[in-house]
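Asks: One letter stands for each residue in the lines below.
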Amino acid sequence: MNDPPPIGGAPEMSRKSYETVRRGLAKRRAAERRFRCYGLSAILLGLTSLALLFASIVSNGYTAFRQTFVGLDIYFDAELIDPQGNRSPESLATGDYGGLVKRALSKVFPAVSSRSEKRALYSLVSTAAAIELQRRAVREPSLIGKTVKVWLPADDDVDMYVKGHIRRGAGESARRLNDRQLAWIDELIEQGNIEQRFNKTFFTAGDSREPEQAGIWGAAAGSFFTLVVTLALSFPIGIAAAIYLEEFAPKNRWTDLIEVNINNLAAVPSIVFGLLGLAVFINFFDLPRSSPLVGGLVLTFMTLPTIIIAARAAIKSVPPSIREAALGIGASSMQTVFHHVLPLAMPGMLTGAIIGMARALGESAPLLMIGMVAFIVDIPHSVMDPATVLPVQVYLWADSPERGFVERTSAAIIVLLAFLITMNALAVYLRSRFERRW
Amino acid sequence: MQRTTLLLTLFLMAAAAFYAGSRRSLDIVRGHTRELHSLPSYYGYFTALWCGLPALLIMGLWLAFETSIITHLVIAELPPAMQSLPDERINLIVNDIRNQVGGSAFAGESDPLIQAAAARYQRLKDISAKALTVVVLAVAIAGATFARQRIRKEQRARNMVESATVVFLIVCSTIAIFTTIGIVLSVLFESIQFFERVPVTDFLFGLHWSPQMAIRADQVGSSGAFGAVPLFTGTLLISAIAMLVAVPIGLMAAIYLSEYAAPKFRATAKPALEILAGIPTVVYGFFAALVVAPFIRDLGMQVGLSVSSESALAAGLVMGIMIIPFVSSLSDDVINAVPQALRDGAYALGATQSEAVRHVIIPAALPGIVGAILLAASRAIGETMIVVMAAGLSANLTANPLEAVTTVTVQIVTLLVGDQEFDSPKTLAAFALGLVLFVATLILNVIALYIVRRYREQYE
Numbered sequence: 016m017n018d019p020p021p022i023g024g025a026p027e028m029s030r031k032s033y034e035t036v037r038r039g040l041a042k043r044r045a046a047e048r049r050f051r052c053y054g055l056s057a058i059l060l061g062l063t064s065l066a067l068l069f070a071s072i073v074s075n076g077y078t079a080f081r082q083t084f085v086g087l088d089i090y091f092d093a094e095l096i097d098p099q100g101n102r103s104p105e106s107l108a109t110g111d112y113g114g115l116v117k118r119a120l121s122k123v124f125p126a127v128s129s130r131s132e133k134r135a136l137y138s139l140v141s142t143a144a145a146i147e148l149q150r151r152a153v154r155e156p157s158l159i160g161k162t163v164k165v166w167l168p169a170d171d172d173v174d175m176y177v178k179g180h181i182r183r184g185a186g187e188s189a190r191r192l193n194d195r196q197l198a199w200i201d202e203l204i205e206q207g208n209i210e211q212r213f214n215k216t217f218f219t220a221g222d223s224r225e226p227e228q229a230g231i232w233g234a235a236a237g238s239f240f241t242l243v244v245t246l247a248l249s250f251p252i253g254i255a256a257a258i259y260l261e262e263f264a265p266k267n268r269w270t271d272l273i274e275v276n277i278n279n280l281a282a283v284p285s286i287v288f289g290l291l292g293l294a295v296f297i298n299f300f301d302l303p304r305s306s307p308l309v310g311g312l313v314l315t316f317m318t319l320p321t322i323i324i325a326a327r328a329a330i331k332s333v334p335p336s337i338r339e340a341a342l343g344i345g346a347s348s349m350q351t352v353f354h355h356v357l358p359l360a361m362p363g364m365l366t367g368a369i370i371g372m373a374r375a376l377g378e379s380a381p382l383l384m385i386g387m388v389a390f391i392v393d394i395p396h397s398v399m400d401p402a403t404v405l406p407v408q409v410y411l412w413a414d415s416p417e418r419g420f421v422e423r424t425s426a427a428i429i430v431l432l433a434f435l436i437t438m439n440a441l442a443v444y445l446r447s448r449f450e451r452r453w
Numbered sequence: 008m009q010r011t012t013l014l015l016t017l018f019l020m021a022a023a024a025f026y027a028g029s030r031r032s033l034d035i036v037r038g039h040t041r042e043l044h045s046l047p048s049y050y051g052y053f054t055a056l057w058c059g060l061p062a063l064l065i066m067g068l069w070l071a072f073e074t075s076i077i078t079h080l081v082i083a084e085l086p087p088a089m090q091s092l093p094d095e096r097i098n099l100i101v102n103d104i105r106n107q108v109g110g111s112a113f114a115g116e117s118d119p120l121i122q123a124a125a126a127r128y129q130r131l132k133d134i135s136a137k138a139l140t141v142v143v144l145a146v147a148i149a150g151a152t153f154a155r156q157r158i159r160k161e162q163r164a165r166n167m168v169e170s171a172t173v174v175f176l177i178v179c180s181t182i183a184i185f186t187t188i189g190i191v192l193s194v195l196f197e198s199i200q201f202f203e204r205v206p207v208t209d210f211l212f213g214l215h216w217s218p219q220m221a222i223r224a225d226q227v228g229s230s231g232a233f234g235a236v237p238l239f240t241g242t243l244l245i246s247a248i249a250m251l252v253a254v255p256i257g258l259m260a261a262i263y264l265s266e267y268a269a270p271k272f273r274a275t276a277k278p279a280l281e282i283l284a285g286i287p288t289v290v291y292g293f294f295a296a297l298v299v300a301p302f303i304r305d306l307g308m309q310v311g312l313s314v315s316s317e318s319a320l321a322a323g324l325v326m327g328i329m330i331i332p333f334v335s336s337l338s339d340d341v342i343n344a345v346p347q348a349l350r351d352g353a354y355a356l357g358a359t360q361s362e363a364v365r366h367v368i369i370p371a372a373l374p375g376i377v378g379a380i381l382l383a384a385s386r387a388i389g390e391t392m393i394v395v396m397a398a399g400l401s402a403n404l405t406a407n408p409l410e411a412v413t414t415v416t417v418q419i420v421t422l423l424v425g426d427q428e429f430d431s432p433k434t435l436a437a438f439a440l441g442l443v444l445f446v447a448t449l450i451l452n453v454i455a456l457y458i459v460r461r462y463r464e465q466y467e
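Order-wise, the sequence lines are chains A and B.
Heads up: the first sequence at position 207 corresponds to 222 in my numbering, and the numbers run straight through without jumps.
Heads up: the second sequence at position 328 corresponds to 335 in my numbering, and the numbers run straight through without jumps.
Any given hint might turn out to be false.
[To be verified] Every beta carbon over 12 angstroms from chain A, so not counted as near; a handful from chain B, in silico:
1) 83
2) 211
3) 312
[Said to hold, decoys possible] Just so you have them, the derived chain A footprint on chain B, three or more residues with Cβ under 8 angstroms:
4) 55–66
5) 254–261
6) 280–294
7) 436–449
[Stated by the list, open to error] Okay, the calculated beta carbon distance ranges per label pair:
8) B:281 to A:77: 23 to 29 angstroms
9) A:346 to B:153: 27 to 33 angstroms
10) A:451 to B:94: 22 to 28 angstroms
11) B:354 to A:56: 20 to 26 angstroms
12) A:239 to B:305: 36 to 42 angstroms
13) B:26 to A:342: 29 to 35 angstroms
14) B:188 to A:331: 33 to 39 angstroms
15) A:59 to B:251: 16 to 22 angstroms
16) B:19 to A:440: 35 to 41 angstroms
17) A:331 to B:156: 16 to 22 angstroms
18) B:26 to A:343: 30 to 36 angstroms
19) B:94 to A:59: 56 to 62 angstroms
Derived from the structure by calculation, the hints contain no laboratory data.
Every residue, glycine too, gets a C-beta built ideally from N, C-alpha and C.
All chains should be built: construct the whole structure from the sequences, respecting the hints.
Replies: The following block contains the structure:
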């Protein structure tokens with residue numbers, strides 16, 4: 016640094032203080048750099064954890080979209096599968112299709128003879144195989160009496176082994192497949208009779224105790240019905256409330272109370288809404304437990320504040336000149352709102368509604384309270400059927416001990432996140448496409 | 008499905024009433040709309056409202072009380088010996104009857120008495136459904152005819168329709184209040200029942216929590232102790248860990264984004280951080296249980312510490328990540344609200360940027376930041392899925408973050424999920440915990456909202 020400029024009448028003093036400042040300067044600059052560094056690393060830390068979260072979910076889950084199938088030469092033996100011998104669907108429905116699978120397996124491994132070994136061999140193929148064969152036989156009765164190569168779903172343990180989640184290195188007692196089974200699987204792989212194919216079951220089946228038969232379709236349908244109820248109630252009610260509060264409400268204690276209430280409800284823990292639903296809808300009104308109707312009602316109360324707040328912001332952003340123009344040419348205040356303000360505020364309201372729906376889709380805690388955690392195999396067909404929803408399905412599977420459910424849980428999360436990302440992207444698109452600056 | 012059909016019929020009738028009403032208004036003035044007080048469509052709405060509203064109201068009330076009334080009637084018909092049974096047994100019988108009606112019970116195996124009651128239940132339900140249809144349709148037709156008769160050319164149809172709309176708007180806006188009242192009442196009633204069996208002081212200050220009640224008097228290990236202190240400390244421990252993660256990271260991120268970051272960086276980093284708030288909590292729970300908890304356990308093993316696989320640390324860390332965006336975006340807002348003049352003043356005195364932040368901007372924004380932190384804390388206390396999936400069930404009274412603790416929300420979930428009788432202290436305890444949770448978060452929220460609002464007004 017250069018010499019200090021002489022200041023006023025006390026050059027001695029200013030020189031001294033200049034020295035003090037200069038001595039501290041390096042330290043202060045270092046502190047500045049450190050501070051800046053903390054800030055940047057805080058952001059990076061947040062983003063890293065986000066990346067880690069996504070990476071761990073995707074790396075655990077992507078394998079679930081493919082499933083292991085075993086190719087077997089199935090002889091559709093009329094004796095076994097058509098007890099009445101008339102090829103009618105009723106008769107075919109009572110056949111022993113598991114027997115077909117067992118025979119085919121025995122033919123591949125003729126050396127297997129003892130009872131326990133046979134059981135170990137048969138357990139390589141999923142129990143769903145029999146159902147699939149039956150479906151096939153009913154659809155194409157011409158197959159009966161012929162030998163056809165059929166690809167059947169493998170048991171989840173086989174699936175895990177083929178995908179590399181069960182290691183040979185671990186002792187026999189530490190894994191769910193014994194050495195003989197591994198040898199059989201290796202032989203099947205060598206023959207080219209084990210293949211990984213697209214996992215259709217995962218997208219079309221309901222829940223199951225067997226990982227290879229479990230799918231998310233039931234939970235997705237439950238989520239759909241729940242969200243339909245939520246949207247049908249919370250959107251009109253939320254908009255009506257927002258219109259009243261923004262356009263018609265007098266400024267008094269009563270409306271203040273409403274406003275404080277809405278802000279508070281937005282911050283009440285979601286599980287408390289579950290308690291409300293349990294006490295009011297299930298115990299007082301006797302609505303069916305586990306139904307999307309009750310789930311939708313609970314989520315309505317939960318998302319209503321979000322929607323009201325967003326809708327109010329949208330109404331507020333419509334300039335008063337629009338209202339004045341409408342009133343000026345003789346519209347009533349109600350006509351002004353419904354014919355002019357509401358259409359202009361609609362994109363903002365829709366954005367808010369979509370964001371509220373996205374939150375409702377990801378919510379699980381209050382739904383646990385009203386019994387949507389039940390193990391439900393059937394696909395729900397109406398809002399009164401017992402159902403579960405996607406996030407609760409994730410929770411249920413995460414609790415299951417089978418290794419096969421870990422990748423299915425992650426895959427269900429991937430599907431859930433895909434829905435959420437789509438909804439949020441839609442909201443962003445709507446906002447950028449229709450948002451108007453006045 | 009019959010109800011759906013009825014509802015659809017009602018809507019069709021309302022549409023018809025709309026048409027009839029507007030037609031009639033035009034007929035009265037022979038097509039000269041200028042003689043009418045309101046536009047013809049308002050006469051239509053007027054008729055449709057009279058057609059649909061009363062009928063819809065009756066239908067709603069009917070359906071709300073149908074099941075309980077029928078159940079009462081059926082119970083009243085049961086032999087007196089059955090009626091004098093305790094409530095739980097009667098509930099079981101009612102369930103049997105309903106299963107029988109729904110066809111999910113094996114008809115051959117059940118009691119003839121139940122079968123008779125089920126037949127009666129079914130009959131009453133059929134009668135109720137038919138009566139509902141008749142009543143609703145009659146009311147709808149009567150309403151429409153009445154309104155159509157009343158149409159005159161000087162009638163103020165628009166004003167009537169508009170005041171009906173205003174009433175609808177007011178009703179919708181009060182739902183928020185009714186929700187709060189509903190929460191308070193439902194939680195309070197059950198809690199009062201609970202406190203009749205377990206004294207409040209035992210609940211609030213008891214050190215031992217084991218809600219399993221003995222079914223037999225001599226059963227081991229089911230004392231049924233309801234001392235909630237271990238749950239409170241567990242909740243506070245996990246929330247404190249979460250805040251320790253979220254507050255420094257969130258605050259520094261907010262400072263960097265608002266004071267240092269280039270606009271382009273800010274435009275990408277801010278939404279990216281906010282993604283963290285949009286991820287469902289069940290995903291965080293899975294992440295905590297699958298990745299973070301085993302990682303911490305292994306790490307502890309290498310250092311020679313014994314870490315529980317459901318440690319408070321894992322749940323707290325992940326919860327902290329979840330609430331980073333709550334802290335950062337709220338703090339970002341308040342920091343941005345600090346007037347530029349304060350910054351300029353600090354720079355003019357020779358402060359570096361970080362000195363300006365630390366000595367001027369943060370103190371100026373402090374009330375808002377405290378509000379943001381309180382809101383985040385209330386999130387952490389009420390968070391459920393992460394702790395349900397990653398924290399333990401055993402109520403340990405400890406401050407060691409490496410041990411498993413349980414929280415209020417975990418206990419609510421475990422007490423209420425699965426089979427439950429509605430009157431046992433076990434179930435009621437969940438509502439008492441819910442009350443504590445609601446009150447605690449309410450206080451935090453009110454303080455936070457008050458601080459934030461007051462602070463905002465200061466600079467506006």
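Asks: The structure should be examined with respect to each hint, and the outcome stated for every one.
Replies: Hints and how they fare:
For residue 83 of chain B, the non-interface assignment is confirmed: its Cβ lies about 17 angstroms from the closest Cβ of chain A, beyond the 12 angstroms cut-off. Every Cβ of chain A is farther than 12 angstroms from the Cβ of residue 211 of chain B; the closest lies at roughly 19 angstroms, confirming the non-interface assignment. Listed as outside the interface, residue 312 of chain B is consistent with that label: its C-beta sits roughly 23 angstroms from the nearest C-beta of chain A, beyond the 12 angstroms cut-off. A count of 0 residues in the segment 55–66 of chain B with a Cβ less than 8 angstroms from any Cβ of chain A is obtained; the coverage claim is therefore unmet, three being the minimum.
Three residues within the 8 angstroms Cβ limit are the bar, and the segment 254–261 of chain B against chain A gives 6, so the coverage statement holds. Here the segment 280–294 of chain B counts 13 residues with a CB under 8 angstroms from a CB of chain A, which clears the bar of 3, and the coverage holds. With a cut-off of 8 angstroms between beta carbons, the segment 436–449 of chain B has 7 residues touching chain A; three or more are needed, and the interface restraint holds. Separated by about 26 angstroms at the C-beta atoms, residue 281 of chain B and residue 77 of chain A satisfy the suggested range of 23 to 29 angstroms.
A beta carbon spacing of about 29 angstroms between residue 346 of chain A and residue 153 of chain B agrees with the range 27 to 33 angstroms that was offered as a hint. Between residue 451 of chain A and residue 94 of chain B the beta carbons are some 60 angstroms apart, a value that contradicts the proposed interval 22 to 28 angstroms. Distance hint check for residue 354 of chain B and residue 56 of chain A: the Cβ-Cβ separation is about 25 angstroms, which falls inside the suggested range of 20 to 26 angstroms. At about 41 angstroms, the beta-carbon gap between residue 239 of chain A and residue 305 of chain B stays in the expected band of 36 to 42 angstroms.
Separated by about 30 angstroms at the C-beta atoms, residue 26 of chain B and residue 342 of chain A satisfy the suggested range of 29 to 35 angstroms. Separated by about 28 angstroms at the C-beta atoms, residue 188 of chain B and residue 331 of chain A break the suggested range of 33 to 39 angstroms. Checked against the hint of 16 to 22 angstroms, the pair residue 59 of chain A and residue 251 of chain B passes, with Cβ atoms roughly 19 angstroms apart. Look at residue 19 of chain B against residue 440 of chain A: about 38 angstroms separates their beta carbons, and that is inside 35 to 41 angstroms.
Taking 16 to 22 angstroms as the suggested C-beta distance range, the pair residue 331 of chain A and residue 156 of chain B does not conform, at roughly 43 angstroms. For the hinted restraint 30 to 36 angstroms between residue 26 of chain B and residue 343 of chain A, the CB-CB distance of approximately 32 angstroms keeps it satisfied. At about 59 angstroms, the beta-carbon gap between residue 94 of chain B and residue 59 of chain A stays in the expected band of 56 to 62 angstroms.
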